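4 protein chains.
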Amino acid sequence: MKERKKETILMTSLKLFSKNGFHATTIPNIAKEMKMSVGNIYNYFPSKNNLAKCAIKFSSSILASTLRKINNKNLTSKEKIYEFTKSYYEIIEISPEIIEYFLRVYLSNRSMFDDENDKGFDLAKDFVDEVERLLSDGINKQELKKQNFYVSFSIFIGALGGLTFLNGEKALEEKPIQYAKEISESIYNALKI
Amino acid sequence: MKERKKETILMTSLKLFSKNGFHATTIPNIAKEMKMSVGNIYNYFPSKNNLAKCAIKFSSSILASTLRKINNKNLTSKEKIYEFTKSYYEIIEISPEIIEYFLRVYLSNRSMFDDENDKGFDLAKDFVDEVERLLSDGINKQELKKQNFYVSFSIFIGALGGLTFLNGEKALEEKPIQYAKEISESIYNALKI
Amino acid sequence: MKERKKETILMTSLKLFSKNGFHATTIPNIAKEMKMSVGNIYNYFPSKNNLAKCAIKFSSSILASTLRKINNKNLTSKEKIYEFTKSYYEIIEISPEIIEYFLRVYLSNRSMFDDENDKGFDLAKDFVDEVERLLSDGINKQELKKQNFYVSFSIFIGALGGLTFLNGEKALEEKPIQYAKEISESIYNALKI
Amino acid sequence: MKERKKETILMTSLKLFSKNGFHATTIPNIAKEMKMSVGNIYNYFPSKNNLAKCAIKFSSSILASTLRKINNKNLTSKEKIYEFTKSYYEIIEISPEIIEYFLRVYLSNRSMFDDENDKGFDLAKDFVDEVERLLSDGINKQELKKQNFYVSFSIFIGALGGLTFLNGEKALEEKPIQYAKEISESIYNALKI
DNA sequence: TATGAATGAGGCTTCATTCAT
DNA sequence: TATGAATGAAGCCTCATTCAT
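Protein chains in written order, with our numbering: chain A, 91 to 283; chain B, 91 to 283; chain C, 91 to 283; chain D, 91 to 283.
Derived by calculation from the structure, the hints in this document are not laboratory data. A hint or two may mislead.
Stated by the list, open to error - Label pairs and their in silico Cβ distance ranges:
no.: 1; chain 1: A; residue 1: 116; chain 2: C; residue 2: 268; range: 51 to 61 Å
no.: 2; chain 1: C; residue 1: 129; chain 2: A; residue 2: 125; range: 19 to 29 Å
no.: 3; chain 1: A; residue 1: 139; chain 2: B; residue 2: 232; range: 51 to 61 Å
no.: 4; chain 1: A; residue 1: 212; chain 2: D; residue 2: 137; range: 46 to 56 Å
no.: 5; chain 1: D; residue 1: 137; chain 2: C; residue 2: 136; range: 33 to 43 Å
no.: 6; chain 1: B; residue 1: 204; chain 2: A; residue 2: 92; range: 37 to 47 Å
no.: 7; chain 1: B; residue 1: 283; chain 2: A; residue 2: 212; range: 36 to 46 Å
no.: 8; chain 1: A; residue 1: 137; chain 2: C; residue 2: 132; range: 58 to 68 Å
no.: 9; chain 1: D; residue 1: 94; chain 2: B; residue 2: 110; range: 33 to 43 Å
Since this is a predicted model, take the numbers as computed values, not measurements. All C-beta atoms, glycine included, are put in the ideal place defined by N, C-alpha and C.
Produce the entire structure from the sequences given, and follow the hints as far as they go.
Structure (structure tokens):
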């Protein structure tokens, strides 16, 4: 149950951080949202920074496991890209904070996450590894073009993030998921052999 | 000369904001970097928020004019995409702050930029308009696929930004510009008819 | 057994207070050191302040009884001074907290110990009384000079404390007890007729 | 004038620290006492700890220079001890905080003053050096007994401090300075050949 | 225009103490 | 008795902004 409450705090923080940004979210904000006292949060997390770091780990692990499940299916690369794109925008619909968090907090506070234990980007390593698996698998199956991993990664994840950004800007006319088919096809075209 | 000094302040702020983030950059930091007094900055910009907003306008105008020049050339869409990709990563090499600023400041502080006068994303309208011009021009010339603008925008700008992110993470082995050819081809493949 | 546990808490507090100071020692610190719960400490002592006050009483009573035993012996004043000096530095070697406590906690938090019941210094009254007994006894036996009690007290106890201070500063080359002979002789010379 | 204000802050802090102890004195307390804003104090001293450390340096330098002047006079050791005792209790009468500070703050927060730059006790080095000069000078002139420096230091400074303590406890019937003659004679007797 | 000292609200964090179990 | 999660007041410190010079 202690673990349970820790997770609740994490989810609430994730939500507020992703809605308002790291600096604009105060510990009292989080406490109030949870109807919990300020001090008690510190019984679960030693600092606001640590809370933000755990949130990164948490949300990147969701993305990683989502993609892992897809990678484990017996699908073509094209299908996998589509499946992940769909899942990604489903997450945005249900728990937008999981993805928004990267844009709002991680991107702009990277240095905050660097310390002797974690190397910043490593926090998302599991997810990056799964992307690599998807890509190298497609290359092996001669479905995808053999090209620099960073380029493919940028195309794939950059495109997904780009639409997320536009969604956050309220620039889209439809919900992101409506664009899933179209965007995943474009991504596929960029990566295919 | 007043205009001249205003611009110096802007450039310095842009540099510091993009290096350290908006909240981690203080007005005294900026003043010190310029060997100017804190108070005097307020003779040129009414607030720190306003400074950040002007910085957005400034840096998006650079991107916009860069792309405008390319659009005005007599080139195929493929060439234009390549040209802009190159320019984009050249900017990153010479003045990374112009691009980093979006990642560090704009993305995570959007609400800050919303007020009665500016609608946030509108700050980058000029640039978005040029992207649209590039794309619709390609469609007209039957070089690019006719598809939802937001999807194409996400692919194009998302991919460029994705690599910038990886560069910021020190995840790349080469300078971003080394990937320009490869990434612009992928983008083209994603968008072509 | 309740009394027994109470004493254990007291000893632990005394140790931590004297090692780290009153404010730097928290109730959770004490609880953890004892493998006891925070709340349970409050079943034995009503407050942290009270704990500190009891610790003073406890440690001054040790000094008082040590000196009382010496006073009850059939010794010259010179011998008594030497005996007490030795005992004092033995205590420092075995349980430095008993003496350090005065320096770390009592001296700098006197006001804390003043309330309607106790008058601060009175906490050490037993000990002060024994010092007085030693001195007046020496005067009666025409061994010690008849002089103002506070002056003699300052010389005697001040000198012992001075060396304790230097020991705490790690300024001494030997253990305090090595200086016992020399220092007690000096004290005697200061007080003798 | 900036230096002047810095000194005023120092004196005020010294006064409050010595009256109430380090932890019981808050920065707002100090600010209020000076009719100054909290933030402004930080324009002069980077932290509360640093303020306390500067106060140590300041007050030990006063003691050091007082004793240095006496050492430079052509006096017997007995006279020097008397002179310094008098000065010491004069300081207590006029600016008790200078001496009380050691008892209230330094003694009980030593570890606070230890860092890579200052070694705690070194803060008082100037003063300790002057005491050594007084003593070795007396030994050379065959007025004082050749004995361990730490022992003599403890007798001399311990005795002075002992009476200060009693004064702080309001245990004395007269002002400390009334005891100067008597106490300096006892000290001399302890140290003489 | 330029300076930089001054202000004070507000954020993070700590910890004595309580209380439900 | 014993536990330890929960409370919330209070402290240190930062920094955007102002203003007297």
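How the hints compare with the structure:
1. For the pair residue 116 of chain A and residue 268 of chain C, the supplied restraint of 51 to 61 Å holds, since their beta-carbon distance comes to about 57 Å.
2. Under the hint 19 to 29 Å, the C-beta atoms of residue 129 of chain C and residue 125 of chain A, about 23 Å apart, fit the expected range.
3. Between residue 139 of chain A and residue 232 of chain B the Cβ separation comes to about 53 Å, which falls inside the hinted range of 51 to 61 Å.
4. About 34 Å separates the C-beta atoms of residue 212 of chain A and residue 137 of chain D, a value inconsistent with the hinted range of 46 to 56 Å.
5. The beta-carbon spacing between residue 137 of chain D and residue 136 of chain C, approximately 34 Å, falls within the hinted interval of 33 to 43 Å.
6. For the pair residue 204 of chain B and residue 92 of chain A, the beta carbons lie near 39 Å from each other, so the given range of 37 to 47 Å is met.
7. A beta carbon spacing of about 41 Å between residue 283 of chain B and residue 212 of chain A agrees with the range 36 to 46 Å that was offered as a hint.
8. A beta carbon spacing of about 28 Å between residue 137 of chain A and residue 132 of chain C contradicts the range 58 to 68 Å that was offered as a hint.
9. A hinted range of 33 to 43 Å for the beta carbons of residue 94 of chain D and residue 110 of chain B is consistent with their spacing of about 35 Å.
Violation of the numbered hints given earlier is confined to hints 4, 8; the remaining hints are satisfied by the structure.
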